[in-house]
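Participant: Chains as they are written, first to last, in the numbering used here: chain A, 1 to 623; chain B, 1001 to 1195.
It should be emphasised that the hints constitute simulated quantities derived from the structure, not laboratory data.
From the three backbone atoms N, C-alpha and C, an ideal C-beta is built for every residue, glycine too.
Please note that the accuracy of each hint is not assured.
[As the list claims (entries may be wrong)] What follows is a list of derived Cβ distance ranges for each label pair: (1) R1034/B x T150/A: 22 to 28 angstroms; (2) E1020/B x Q564/A: 53 to 59 angstroms; (3) H565/A x R1010/B: 42 to 48 angstroms; (4) F173/A x E1020/B: 52 to 58 angstroms; (5) H1025/B x H90/A: 39 to 45 angstroms; (6) R1010/B x S523/A: 54 to 60 angstroms; (7) I1054/B x C389/A: 34 to 40 angstroms; (8) E1094/B x Q557/A: 53 to 59 angstroms; (9) D1184/B x D526/A: 24 to 30 angstroms; (10) R1034/B x L322/A: 44 to 50 angstroms; (11) I1054/B x H90/A: 35 to 41 angstroms.
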Amino acid sequence: MDSPALEHMKMLSCLLLLLTLACPSAAAYLDEPSLRSSLLPQYEHDHADAVGSSQDKRLQVFTVDYNNVQIPYEVTLWILLASLAKIGFHLYHRLPRLMPESCILIAIGALVGVIIFATDHKSPPVMNTSIYFLYLLPPIVLEEGYFMPTRPFFENLGSILWWSVLGSLLNSFGIGLSLYGICQIEAFGLTDLNLLQNLLFGSMISAVDPVAALAVFEEASVNEQLHMMIFGESLLNDGITVVLYNIFIAFTQMHRYEEIESIDILAGFARFFVVGLGGMLFGIVFGFVSALMTRFTHNVSAIEPLLVFMFSYLSYLCAEILYISGILAMTACAVTMKKYVEENVSQNSYTTIKYFMKMLSSVSETLIFVFMGVSTVGKNHEWNWAFICFTLLFCLIWRTLSVFALFYISNKFRTYPFTFKDQLIISYSGLRGASSFSLAFLLPVKLFPRKKLFITATLVVIYFTVFIQVTVFLNELLSHNQGDQLMDHLKAGIEDICGHWSHYQLRDKKRHDHKLSLAEVESMRDVLAHNLYQVRQRAPSYNRHNLPSNTNEKQAQEILIRRQHSLRQSCKKGNSLPWGRPVSATSVRYLSLPQDHSGQPTRRKARHVTFTGNGNVLCCILL
Amino acid sequence: MGSRASTLLRDEEIEEIKKETGFSHSQITRLYSRFTSLDKGENGTLSREDFQRIPELAINPLGDRIINAFFPEGEDQVNFRGFMRTLAHFRPIEDNEKSKDQNGPEPLNSRSNKLHFAFRLYDLDKDDKISRDELLQVLRMMVGVNISDEQLGSIADRTIQEADQDGDCAISFAEFVKVLEKVDVEQKMSIRFLH
Chain A
1 MDSPALEHMK
11 MLSCLLLLLT
21 LACPSAAAYL
31 DEPSLRSSLL
41 PQYEHDHADA
51 VGSSQDKRLQ
61 VFTVDYNNVQ
71 IPYEVTLWIL
81 LASLAKIGFH
91 LYHRLPRLMP
101 ESCILIAIGA
111 LVGVIIFATD
121 HKSPPVMNTS
131 IYFLYLLPPI
141 VLEEGYFMPT
151 RPFFENLGSI
161 LWWSVLGSLL
171 NSFGIGLSLY
181 GICQIEAFGL
191 TDLNLLQNLL
201 FGSMISAVDP
211 VAALAVFEEA
221 SVNEQLHMMI
231 FGESLLNDGI
241 TVVLYNIFIA
251 FTQMHRYEEI
261 ESIDILAGFA
271 RFFVVGLGGM
281 LFGIVFGFVS
291 ALMTRFTHNV
301 SAIEPLLVFM
311 FSYLSYLCAE
321 ILYISGILAM
331 TACAVTMKKY
341 VEENVSQNSY
351 TTIKYFMKML
361 SSVSETLIFV
371 FMGVSTVGKN
381 HEWNWAFICF
391 TLLFCLIWRT
401 LSVFALFYIS
411 NKFRTYPFTF
421 KDQLIISYSG
431 LRGASSFSLA
441 FLLPVKLFPR
451 KKLFITATLV
461 VIYFTVFIQV
471 TVFLNELLSH
481 NQGDQLMDHL
491 KAGIEDICGH
501 WSHYQLRDKK
511 RHDHKLSLAE
521 VESMRDVLAH
531 NLYQVRQRAP
541 SYNRHNLPSN
551 TNEKQAQEIL
561 IRRQHSLRQS
571 CKKGNSLPWG
581 RPVSATSVRY
591 LSLPQDHSGQ
601 PTRRKARHVT
611 FTGNGNVLCC
621 ILL
Chain B
1001 MGSRASTLLR
1011 DEEIEEIKKE
1021 TGFSHSQITR
1031 LYSRFTSLDK
1041 GENGTLSRED
1051 FQRIPELAIN
1061 PLGDRIINAF
1071 FPEGEDQVNF
1081 RGFMRTLAHF
1091 RPIEDNEKSK
1101 DQNGPEPLNS
1111 RSNKLHFAFR
1121 LYDLDKDDKI
1131 SRDELLQVLR
1141 MMVGVNISDE
1151 QLGSIADRTI
1161 QEADQDGDCA
1171 ISFAEFVKVL
1181 EKVDVEQKMS
1191 IRFLH
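Could you build the full structure based on these sequences and the hints that come with them?
Facilitator: In structure tokens:
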């Protein structure tokens, strides 16, 4: 059939587009130094003597001034490149099932890095401490906090807090201490790394980014509790690791670490709690204030998005003034204000806020990943086999250990305990991402003479977890549960009657169709896959790079209209329920729905359905 | 309006329901409060309109059929006992029940009863067979407006072809059970009732 060829064509055209875009940027890098040298004297001359210069120069018809626009130009090019790559990534529909979108961003970053390195160009100073913490980090944090579904979050709050706080602490200290143990061994040449540096490294490397793994989870049946745990972890984990990071840096700055007494360690603990809880308190206050403000903005709805963003940003900055965790403040602010803002704000403002947030966080993340790619291909490396291998090993070991240990304890207090498989999934979803890289990159070199080693190790861990761990392990781990539409609808209906939702609500399932069968059954399956109604979901699916589609409204509309029609028909006949005649499409005209013949408009995402071993394809979908 | 006292649950009733359905005391009281909150007419029974007032049920493609499953043959009101009896089908099978031998009546949430419940969702005329028309009706309900009747018809035909073993072009209960024998019905058709 045509479709595979078409897909390949699309991908090819996107790649071509990508390359053509890369060319001008490469050309820009290439030309720039030579241009600079040749044109600069004449250029300055032109500016200096406008008329009647001693050298016989005409007015330049074409002049090039790259310096002025270098930084914005390159940044824009990077972002555009990443966006095109994302388009291509999603066009080829098999890819999102295999790997998270972070992969493509890292690949783009590496590509840009290669280009920059090859043309020997000095990249613009996009990443330093202040820019990162003031401009790049807040959008990402805000977006995560805003899109967190609040009700499931608070229902699981105890477990989430227990897991993220203790998990991060356990991971940081575990990895740090184990690495310190390794450093003591003379043979590896790492003895100059003292305990504090190792602990700091441990805290940096334990900053996980599990949301990236969620994109892959989307493709399988993950129960909602698990989803919520991963979300909650990602939300709090950033804040906690940054707090730890800052505490350790403060310790390092206190000269020799032998001077650190127990009083300082206690102060460190206290500071951890003050910073953490203080941040949340700040955020909640700001959240309420902004929620209050949005009550009065009926006449000036254009500034509503501005209010939301500015108040969240302000909460972040105010917390940072006092050295309290701005991340936790912003998260708490977003979570608090979301509910009220959604009620008070106009529909357009609400849409604007959502899209703008996604856009900003997308831009930030792209920039960070590009920078990561640029750093990969460069001279900032120091390779030490022992350190790197052991880092990788300890990351995996400690995450698995902490998952099993902590969940064993928390399962005793939960109504719905997590199964072994759930715990395995959680431990595998410990991908490292932009945050650990940024923290590594921003280490002050004066205090950490072996900064390059840390950067290299962090990069290796990130690459490993994102590329290898996800694609190799996760796919075989995720369950191949079969979906029975009838059962799911039935269950959902009974739960609604009982007035609560069970935590084992299975999400929308999409799977590979490994087995092929007759062409006609294929087409039937396709027809069903595109058209079966989705089971209602309590918590919306989360994707960092995209907003969820709105197929539910259309579906609800259709069902309601059909029910009303059939009820009306049955009333005419005098039956209490419409089983006199089947409701067929041809005799019914939905006046408010478009009359379509090709089956295009409500194009739900294709769900590939699989079937049991004995080949009862359709039975198992329907029954 | 009748006095509320007559609709309060007495302990003997709770015991009877417990024996019949297997729910625990707290589950029964919780579901009773849900029952009373749905019962807008405050007469101790639910009518179809009471169920239809649940908004999520209105947009469930099988909503009408689910509601109908609560009402016994030909009646328009369901009392609390009937309500619980239907819900009992969805109680998860506990481990200690699995090993209990069958010297009493089969519990309402056994695999066979669950399957029977699902079967009755299809089989409206109660002739113990899912005919092509009945399957078509359910298919039509679960699928969007974009599929033509012919396509649906061929899907239904194919489904019956796969499941039918005695060649009567309909799915009997035994065949239904056979199709789903590999499916973990006990887990799929169970919901957790909060204590």
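Participant: Each hint needs a verdict: does it hold in this structure or not?
Facilitator: Status of each hint after checking the structure:
The hint said 22 to 28 angstroms for the Cβ distance between R1034/B and T150/A, and at roughly 24 angstroms that hint holds. Between E1020/B and Q564/A the Cβ separation comes to about 37 angstroms, which falls outside the hinted range of 53 to 59 angstroms. Taking 42 to 48 angstroms as the suggested C-beta distance range, the pair H565/A and R1010/B conforms, at roughly 44 angstroms. In this structure the supplied range 52 to 58 angstroms holds for F173/A paired with E1020/B, their Cβ-Cβ distance being about 55 angstroms.
A hinted range of 39 to 45 angstroms for the beta carbons of H1025/B and H90/A is inconsistent with their spacing of about 53 angstroms. Distance hint check: the CB atoms of R1010/B and S523/A are about 59 angstroms apart, consistent with the given range 54 to 60 angstroms. Distance hint for I1054/B and C389/A: a CB-CB separation of about 58 angstroms, inconsistent with the stated range 34 to 40 angstroms. Checked against the given bound of 53 to 59 angstroms, the beta carbons of E1094/B and Q557/A, roughly 41 angstroms apart, lie outside it.
Range check, D1184/B to D526/A: about 27 angstroms between beta-carbon atoms, so the 24 to 30 angstroms window is met. As the Cβ distance of R1034/B to L322/A is approximately 48 angstroms, the hint placing it in 44 to 50 angstroms holds. Restraint check, I1054/B to H90/A: a C-beta distance of roughly 37 angstroms satisfies the suggested window 35 to 41 angstroms.
Against the hints set out earlier in the document, violations occur for numbers 2, 5, 7, 8.
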